[in-house]
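**Q** Protein chains in written order, with our numbering: chain D, 8 to 503; chain V, 31 to 680.
Rather than coming from a laboratory, the hints here were simulated on the basis of the structure.
Treat the hints loosely; a few may be bogus.
Looking from chain V toward chain D, a few residues come up when the C-beta cut is under 7 Å (computed) [stated by the list, open to error]:
1) V163
2) R197
3) L208
4) L442
5) G446
6) L541
7) L566
Computed far set for chain V versus chain D, every beta-carbon distance over 12 Å [said to hold, decoys possible]:
8) A66
9) A85
10) V201
11) L203
12) A377
13) T543
14) D553
15) R557
16) R594
17) Y659
Incomplete in silico selection of chain D near chain V, CB under 10 Å [said to hold, decoys possible]:
18) P235
19) G405
20) L434
21) Q446
Since this is a predicted model, take the numbers as computed values, not measurements.
The beta carbon of each residue, even a glycine, is placed where N, CA and C say it ideally should be.
So the chains spell out like this:
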Amino acid sequence: MTVPWLSVAVAVPLLGAALAALLPARLTAAPRLIALGCAAVSALAVAATWVRFDGGQGMQLVEEVEWIPALDVAWRLGVDGMSLAMAALTVVLFAVTIAYGVGPRPMTRAAAALLLLLEAACLAFFLAQDFILFYVAFDLTLVAMYFLIALWGEANRRYAALKFFLYTLIGSLPVLLGIIALYLTSEPNTFDMTVLAADPAVRGAGTGATLIWLAFFVGFAIKTPIVPFHTWLPAAHVEAPTAGSVLLAGVLLKLGTYGLVRVNLQMLPDAFARYALPVALLGLVSVVFGALVALAQRDLKRLVAYTSINHMGYVVIGVAAAAAAGGASRAGELAVDGAVFQMVAHGVVTAALFFLAGFIASRAGTRDLDELSGLMRPMPVYGTLAALAFFASLGLPGLAQFPGELQIFLGAFAVWPAVAALAVLGLVVSAALFLRALQRAFLGEPAERWARLPDLHARELVALVPLMVLTVALGVYPPLVLDLIDSTAWLAGAGP
Amino acid sequence: MAAWLWLTVALPAAAAALVALAPRAAVRPLAAAGAALAALPAVVLLVGAAGGERAVTNVRWLDDGALAVGLRLDGLSAAMAATVALAGLAVVVYATGYFAQEPRARSALAGLLAFLAAMQGLVLADGLLTLLVFWEAVGALSARLIAFNRDDAAAPGGAVRAFLTTRAADVGLYLAVLALFAASGSLAFEQERPEGALGALVGLGLVLAAMGKSAQAPLQTWLTGAMAGPTPVSALLHSATMVAAGVYLLVRSDALLAGWPLEIAGWVGGLTAVAGAAIALAQDDLKRVLAGSTSSQLGLMFVGAAVGGPAVAVFHLIAHAAGKACLFLAAGLFQHERGTTALDGLAGAGREDRSTMAAFVVGAASIAAVPPLAAFWSKESILVAAEGHAAWLALALVASAGSAAYLLRPALVLWGRGPRADGTRAAPIAGVRPGEPAASARRSSGRPAMLAGAGALAALSLVLGATGGPLADLLGAPAPEASLLTALLSLAMLALGIGAVLVGPRVPQALCTAAAQQLYTNDALRRLVQRPVLVLAAVADTGDRRGLDAAVDGAARGGLAFARVMDAGDRRGLETAVDGAARGGLALARASDVVERRGVDALVDGLARATGRGGARLRRLQTGRMYEYLRDTMLGATAVGFILVLTALT
Chain D
8 MTVPWLSVAV AVPLLGAALA ALLPARLTAA PRLIALGCAA VSALAVAATW VRFDGGQGMQ
68 LVEEVEWIPA LDVAWRLGVD GMSLAMAALT VVLFAVTIAY GVGPRPMTRA AAALLLLLEA
128 ACLAFFLAQD FILFYVAFDL TLVAMYFLIA LWGEANRRYA ALKFFLYTLI GSLPVLLGII
188 ALYLTSEPNT FDMTVLAADP AVRGAGTGAT LIWLAFFVGF AIKTPIVPFH TWLPAAHVEA
248 PTAGSVLLAG VLLKLGTYGL VRVNLQMLPD AFARYALPVA LLGLVSVVFG ALVALAQRDL
308 KRLVAYTSIN HMGYVVIGVA AAAAAGGASR AGELAVDGAV FQMVAHGVVT AALFFLAGFI
368 ASRAGTRDLD ELSGLMRPMP VYGTLAALAF FASLGLPGLA QFPGELQIFL GAFAVWPAVA
428 ALAVLGLVVS AALFLRALQR AFLGEPAERW ARLPDLHARE LVALVPLMVL TVALGVYPPL
488 VLDLIDSTAW LAGAGP
Chain V
31 MAAWLWLTVA LPAAAAALVA LAPRAAVRPL AAAGAALAAL PAVVLLVGAA GGERAVTNVR
91 WLDDGALAVG LRLDGLSAAM AATVALAGLA VVVYATGYFA QEPRARSALA GLLAFLAAMQ
151 GLVLADGLLT LLVFWEAVGA LSARLIAFNR DDAAAPGGAV RAFLTTRAAD VGLYLAVLAL
211 FAASGSLAFE QERPEGALGA LVGLGLVLAA MGKSAQAPLQ TWLTGAMAGP TPVSALLHSA
271 TMVAAGVYLL VRSDALLAGW PLEIAGWVGG LTAVAGAAIA LAQDDLKRVL AGSTSSQLGL
331 MFVGAAVGGP AVAVFHLIAH AAGKACLFLA AGLFQHERGT TALDGLAGAG REDRSTMAAF
391 VVGAASIAAV PPLAAFWSKE SILVAAEGHA AWLALALVAS AGSAAYLLRP ALVLWGRGPR
451 ADGTRAAPIA GVRPGEPAAS ARRSSGRPAM LAGAGALAAL SLVLGATGGP LADLLGAPAP
511 EASLLTALLS LAMLALGIGA VLVGPRVPQA LCTAAAQQLY TNDALRRLVQ RPVLVLAAVA
571 DTGDRRGLDA AVDGAARGGL AFARVMDAGD RRGLETAVDG AARGGLALAR ASDVVERRGV
631 DALVDGLARA TGRGGARLRR LQTGRMYEYL RDTMLGATAV GFILVLTALT
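Throw the hints in and build the complete structure from the sequences for me.
**A** Structure below.
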């Protein structure tokens with residue numbers, strides 16, 4: 008009997024969420040155990056999938072159960088290299104986040120239920136091969152994240168949570184319209200994403216195709232976010248609890264770029280090819296603008312939030328370059344492989360950065376880089392890991408973000424040399440902002456009140472160290488994940 | 031040989047890891063042993079390369095076959111690896127003494143060993159991708175080591191400036207890599223520069239990156255800031271090896287840089303040689319003098335690479351590595367005795383410590399090109415090669431005179447009887463607290479190792495002059511020439527430099543201030559780059575908060591206001607309408623009731639009455655008159671026909 012590992016990966020956290028929510032309140036330790044257990048099962052299921060995955064086959068291990076046969080809606084899960092890489096990122100980040108926890112301790116029933124619901128939704132999104140499931144998962148992530156921010160965020164959490172919810176909900180409506188349009192144009196009508204990707208129903212870049220493409224693009228651009236649709240992000244990050252920021256930046260932003268690749272690139276290749284340059288320019292604006300605004304920040308969390316915009320800008324440029332060059336060309340493949348690798352790397356590194364920002368805020372009561380000083384001395388472990396994460400985030404070779412960024416640059420340069428060359432300048436601004444942060448808050452003499460800050464404790468190390476190990480591993484030997492990503496058939500249905 | 035290649039990189043890395051984890055007592059012996067062991071494979075490579083062995087080893091890295099990382103053995107890489115390993119060994123041994131009293135010796139020694147691993151990767155790199163990886167790695171390690179000294183308020187700033195300046199210049203390396211890959215699909219060193227704009231990007235990019243790493247004007251100021259690092263770090267990274275990576279890049283990519291890019295490098299080098307010498311003359315801190323000198327000497331190597339090719343440039347690189355590292359190590363010994371490297375504080379230090387002074391003099395004499403020491407011969411080969419290029423030759427000669435002067439000046443101070451340092455003007459130094467009675471306590475533990483390191487490099491400075499020929503053989507280049515004319519010119523410049531210091535001519539104050547201020551390049555970089563970028567960042571931030579975000583919030587508020595209006599409309603309009611409708615309905619019902627009672631009932635009753643009355647009247651129709659019946663039939667038929675026509679029309 009073959010175990011439907013993908014369904015297990017999604018269903019177990021979902022059932023765990025229900026179980027945690029229905030527990031009697033007196034079992035105070037149970038929610039945390041349930042959350043950890045379900046996250047572990049999910050991680051094992053994804054690991055088992057990785058073992059069974061055959062790098063030569065494109066979309067595979069599809070699990071399908073009829074749901075609404077009349078509309079050809081089904082519970083369809085499947086993996087290709089990109090799906091599996093994103094699912095792996097998801098289970099890792101949820102495991103460390105659940106280990107760290109959110110809200111009051113011990114973990115409440117609500118916290119466990121919401122984290123597990125969010126994990127199930129994210130996994131369902133990355134594994135879905137059915138557009139209805141895809142859309143339901145996309146919106147469920149909003150609900151779960153809304154409550155994570157609104158319940159356990161900081162002072163201004165209501166505002167930020169609502170802003171996040173409304174902005175991205177507005178973004179998800181055109182996605183729904185796009186899905187319906189794709190359904191209606193496919194022949195026979197289907198929500199099966201594998202079919203729609205293998206043989207795109209909408210060809211050319213006429214008005215209809217453009218509108219459908221635009222509907223998806225707007226939704227995913229808000230989620231990613233691409234400048235100028237990004238303003239929900241800093242607010243959400245600053246107000247979110249540490250675990251919320253970690254998951255928001257580490258996993259939820261990738262929903263946007265994953266959608267760009269899965270839908271806009273694979274199902275609407277001609278329309279994307281036509282609008283690739285404007286998209287790349289928006290990506291370039293994200294890169295430069297994100298880095299510059301980050302340079303001006305004093306709040307460490309806000310700074311990291313803007314670097315996320317910068318880094319997701321590289322991903323957007325990579326995807327756009329692949330759309331222009333064709334995912335089957337050498338440049339296109341380099342660019343889109345690099346973009347997906349960057350999604351994974353950014354997930355790991357930025358999760359680490361948000362943990363680091365949370366750790367210092369919980370000790371010092373502030374994340375203001377101008378107030379903090381000399382942290383390296385009272386907290387050498389914290390300082391060293393922070394420096395490592397900073398250097399990873401500024402794209403130092405040997406750490407996680409370099410391979411993806413370089414591949415994006417190499418691929419994009421072949422298509423638009425000027426865009427790639429200007430994007431490289433983003434590297435210098437990133438270097439400047441992280442080095443300035445190091446100099447202001449970490450090096451030099453600590454102020455009196457910081458001189459006795461305790462260094463990281465076990466629970467924090469459990470959350471952070473796996474991410475740092477991955478940061479080094481991905482940077483030193485990128486084929487670990489790059490081979491997996493490379494096995495994706497980017498344009499299965501590419502025309503002649 | 032492939033295994034030896036990987037070992038050359040892996041052994042120092044492993045040693046660094048061991049040192050980082052070792053118990054405190056084992057740290058220093060382990061570091062020295064690690065550096066010694068790590069030098070072994072480099073020596074094997076050198077011997078192999080001298081015997082004609084060549085090797086390349088690659089591992090798949092990114093998802094394109096041309097983007098593998100790999101190491102290579104050839105004459106150039108073997109010569110560089112041996113230089114790095116031996117300089118590294120001398121400096122690490124020295125550092126075990128220098129950091130004897132330092133509580134964080136582990137961190138510094140592990141950092142030096144990790145740097146050695148990255149530097150070996152850089153010089154053994156097979157192709158620009160691998161070079162880029164290690165190039166950036168040494169930059170980051172350099173910043174970490176500069177920031178090591180916690181008692182020096184200038185250290186963090188120096189580290190940040192060093193990293194950012196070189197990183198900014200590295201944009202050139204990135205662009206060169208992108209352009210080369212786009213043009214040829216390969217990042218190998220041995221290829222022609224592509225045509226057109228891509229070729230221009232490759233040439234300019236590589237030269238820019240080399241300028242940044244090798245502290246060439248106008249980017250040289252980071253090197254002065256880097257002097258905030260511990261002295262062994264300055265010796266190994268910021269004089270002997272890492273800063274020489276720029277020269278190595280020019281030499282390694284000479285096929286890509288042939289023609290105008292090397293011409294640019296030659297001019298940059300010649301001008302920096304003079305500018306660095308002027309800056310060195312104006313500094314009042316020994317390490318800063320040596321930093322200026324390093325820029326100047328690297329400039330000479332740029333000239334050498336431009337006119338004489340690899341053998342000439344690398345010859346001077348090796349001679350300079352030994353001599354300059356020796357000078358730094360001697361400076362560190364004085365620093366331990368006086369607690370400072372400020373020239374004021376070092377007066378007479380050499381007379382008290384003559385063995386260190388001897389090492390200093392040997393290093394200085396070599397760098398100042400006193401025959402028959404090493405750098406005399408290597409500089410001579412540069413001058414000979416530059417004979418056909420009068421401007422560069424002139425610049426190199428001026429720099430020669432400068433080098434004699436800027437080294438004689440501190441040597442005289444060291445030998446002279448100046449006031450002893452009280453430590454108040456001194457920049458604090460790792461392992462040495464200002465004002466501590468340092469000498470006696472330190473001599474017992476750290477001094478032998480320190481003297482050993484400095485002595486070894488002094489000895490090398492004496493003999494390395496003989497390596498020019500073998501090195502040229504190794505690199506497959508013609509042996510370096512000497513010519514009587516340039517030798518005489520060189521000696522004349524030496525005399526001129528010495529004479530200038532002894533006579534002490536009046537130099538215009540403006541010139542002195544300019545040289546002391548790094549020829550204002552620091553100010554220029556701050557005004558032209560740093561400040562505009564920060565202002566731009568602030569503007570972008572404000573635009574984001576007050577512009578975009580406010581617009582979104584405004585839109586949301588607008589939406590909310592609209593909703594309120596709708597709500598109000600709902601209450602006052604729709605609701606009243608509904609209420610009104612309900613009231614209307616009620617009224618209608620009541621009205622119906624009234625109508626029912628008074629109307630319908632009355633109507634029915636009325637109808638009945640009317641029917642009765644109608645019947646009574648209709649009785650009158652039956653008149654029995656034929657013409658009246660006919661008239662009535664005609665009227666009825668017309669009415670029916672009218673109705674039929676109407677129906678047909680609609």
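**Q** Now tell me if each hint is right for this structure.
**A** Consistency of the hints with the structure:
1. Interface restraint check for V/V163: the shortest CB-CB distance to chain D comes to about 4 Å, inside 7 Å, so the restraint holds.
2. Because the smallest distance between the Cβ of V/R197 and any Cβ of chain D comes to about 5 Å, under 7 Å, the interface hint for this residue holds.
3. The criterion of a C-beta within 7 Å of any C-beta in chain D is met by V/L208, whose closest approach is roughly 4 Å, and the hint holds.
4. A distance limit of 7 Å between C-beta atoms decides the matter here; for V/L442 the minimum to chain D is near 36 Å, and the interface restraint is violated.
5. Interface hint at V/G446: violated, since its Cβ lies 36 Å from the closest Cβ of chain D, which is beyond the 7 Å cut-off.
6. The interface hint given for V/L541 is broken, as the beta carbon of that residue sits about 33 Å from the closest beta carbon of chain D, more than 7 Å.
7. The beta carbon of V/L566 is positioned within 7 Å of a beta carbon in chain D (closest approach about 6 Å), and the interface hint is therefore held.
8. Taking the minimum C-beta to C-beta distance to chain D, about 26 Å, the non-interface status of V/A66 holds against the 12 Å cut.
9. Its beta-carbon lying about 22 Å from the closest one in chain D, V/A85 satisfies the requirement of being farther than 12 Å from that chain.
10. Listed as a non-interface residue, V/V201 fails to keep its Cβ farther than 12 Å from every Cβ of chain D; the least gap is roughly 6 Å.
11. With a cut of 12 Å on Cβ distances, V/L203 falls inside the contact zone with chain D, its closest approach being about 10 Å.
12. In this structure V/A377 is separated from chain D by more than 12 Å, as the shortest Cβ-Cβ distance comes to about 31 Å.
13. No Cβ of chain D approaches the Cβ of V/T543 within 12 Å, the least distance being about 28 Å, so the stated non-interface status holds.
14. Every Cβ of chain D is farther than 12 Å from the Cβ of V/D553; the closest lies at roughly 18 Å, confirming the non-interface assignment.
15. At the 12 Å boundary, the C-beta of V/R557 stays outside the reach of chain D, the nearest C-beta of that chain being 16 Å off.
16. Here V/R594 stays apart from chain D, with its beta-carbon at least about 16 Å from theirs, past the 12 Å limit.
17. The beta carbon of V/Y659 sits about 70 Å from the closest Cβ of chain D, which is more than 12 Å, so the claim that it is off the interface holds.
18. Contact between D/P235 and chain V, as hinted, is supported at the beta carbon level, the nearest pair being about 6 Å apart and thus within 10 Å.
19. With a least beta-carbon distance of about 6 Å to chain V, the hint placing D/G405 at the interface is held under the 10 Å criterion.
20. Against a cut-off of 10 Å between C-beta atoms, the interface hint on D/L434 holds, since the closest Cβ of chain V lies about 7 Å away.
21. The interface hint given for D/Q446 holds, since its Cβ lies 5 Å from the closest Cβ of chain V, which is under the 10 Å cut-off.
This entry does not satisfy hints 4, 5, 6, 10 and 11, going by the numbered hints stated previously.
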